[in-house]
Amino acid sequence: MVSWVARKSINHERVKELLKKSIEKNHFTNGSPLVEMLENRIRETLKIEDSKAIICVSNGTAAIWAAVAAIELYHSKDMTFYTQSFTFPASAQGYLDNARIVDIDHDGGIDLDLIDLNTCDGIIVTNVFGNVVDISKYESWCKTHNKFLIFDNAATSNTFYKGRNSCNYGTASTLSFHHTKPIGFGEGGCVIIDKKFERTFRNIINFGIDNTSPIGKWHRKGGNYKMSDLQAVYIIQYLDNFDVIVNKKNDVYGYFVNRISERQDIKFFPNFSDGIPFVSCISILMDNSAEVMQKLLDNDIYCRKYYTPLIPGPVATAMYNQIICISCTDDMTRDDVDRIVSIIQLNCN
1 MVSWVARKSI
11 NHERVKELLK
21 KSIEKNHFTN
31 GSPLVEMLEN
41 RIRETLKIED
51 SKAIICVSNG
61 TAAIWAAVAA
71 IELYHSKDMT
81 FYTQSFTFPA
91 SAQGYLDNAR
101 IVDIDHDGGI
111 DLDLIDLNTC
121 DGIIVTNVFG
131 NVVDISKYES
141 WCKTHNKFLI
151 FDNAATSNTF
161 YKGRNSCNYG
171 TASTLSFHHT
181 KPIGFGEGGC
191 VIIDKKFERT
201 FRNIINFGID
211 NTSPIGKWHR
221 KGGNYKMSDL
231 QAVYIIQYLD
241 NFDVIVNKKN
251 DVYGYFVNRI
261 SERQDIKFFP
271 NFSDGIPFVS
281 CISILMDNSA
291 EVMQKLLDND
301 IYCRKYYTPL
311 IPGPVATAMY
321 NQIICISCTD
331 DMTRDDVDRI
341 VSIIQLNCN
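Going by this note's numbering, 329 is the number at position 329 of the sequence shown; the sequence numbering is gapless.
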């Protein structure tokens, strides 16, 4: 059986040792020691640049909402963001329920030609499944039109573009540490944001309260989005295996690409990364995807279709109809890949 989620072990001794820091200080949340340790670990592990602040939050959705709220509060302005139809619902829910949704282009990112410049303050671009869009295109557009750029990198933690981790681009990018994500354990998230927004962002995730003020003034844009040490400790102990995880996943993905490359009728989801992307799943496009998916499932190979478009759009709908998202976990073997490729090749049109 090929599962959707890797079997992730827990180093209980490491967890016990790390938690001593929290226990000794009796400090488990609100800027607690293991959350701070995780923020530092993320910078080192993912090669995040000094111009960016890293702030951990309760989950990836909270990261997106708080990033927008912090940008708005910093500029004392309510804003309208555009998001793409081929993405997870988080960028059009809750705090972002006023987001404008438009179709994607054939490169897999938001279609810039569909954005009304008069009603747009910024855009949220999703780097899907560990793949990355042509980031320079969006940076150039936002710079030209003076718009904010947020990347939803929920599943794209370690994919590089033009020599830099893709998380370093834009005004902000967000990560998820949900258990289904490549470097996730349990639940959690973080934002990687221009440093000038750091203080405002930290206020936002603590009910909007500015603790530097004598009266602890709060703000309606705030919420309780903080991460606790009990979340952080399990993510840290999993990140101890980072190099092994990356090498194993890249081997699985690279081997799959080599095995399937002879088929001209099978394409991959658009990707503009340097080399092999660090993916959450293998995303291929083919005309009879529903039939092939069923064959994979019949053979105990877990696969899914992501994302159901948030609103109908010709490109997003066509992409959804063709896509198959196949497991790419660090506990898969080359034999698993051989079996998957064999089923695909036997059943594709």
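Hint data in this document are derived by calculation from the structure and do not stem from the laboratory.
These numbers were taken from a predicted model, which means no experiment stands behind them.
Hints are not guaranteed to be accurate.
Unchecked claim - Listed next, with one range per pair, are the computed distances between beta-carbon atoms:
1. PRO314 to LEU346: 22 to 32 Å
2. GLN345 to ALA318: 47 to 57 Å
3. SER136 to ASP116: 31 to 41 Å
4. ASN224 to THR180: 16 to 26 Å
5. GLN345 to VAL244: 38 to 48 Å
Stated by the list, open to error - Result set (SDA-like, lysine to any residue): computed pairs, CA atoms no more than 20 Å apart in a straight line:
6. LYS195 to LYS305
7. LYS137 to LYS305
8. LYS305 to MET1
Where a beta carbon is used, it is the ideal one built from N, C-alpha and C, also for glycine.
Hint-by-hint comparison with the structure:
One distance hint, 22 to 32 Å for the beta-carbon pair PRO314 and LEU346, holds here, with the actual separation near 31 Å. A C-beta distance of roughly 23 Å is found between GLN345 and ALA318, which places it outside the suggested range of 47 to 57 Å. A C-beta distance of roughly 23 Å is found between SER136 and ASP116, which places it outside the suggested range of 31 to 41 Å. A hinted range of 16 to 26 Å holds for the C-beta pair ASN224 and THR180, which are about 24 Å apart.
Distance hint check: the CB atoms of GLN345 and VAL244 are about 30 Å apart, inconsistent with the given range 38 to 48 Å. Between LYS195 and LYS305, the direct Cα distance comes to roughly 37 Å. Violation of the 20 Å bound is thereby established for this hinted pair. Straight-line distance between C-alpha atoms of LYS137 and LYS305 comes to about 27 Å, which puts the hinted pair past the 20 Å bound. Only pairs whose Cα atoms come within 20 Å are accepted, and LYS305 paired with MET1 is accepted, the gap being roughly 19 Å.
Taken one by one, the earlier hints fail for this structure at numbers 2, 3, 5, 6 and 7, listed in ascending order.
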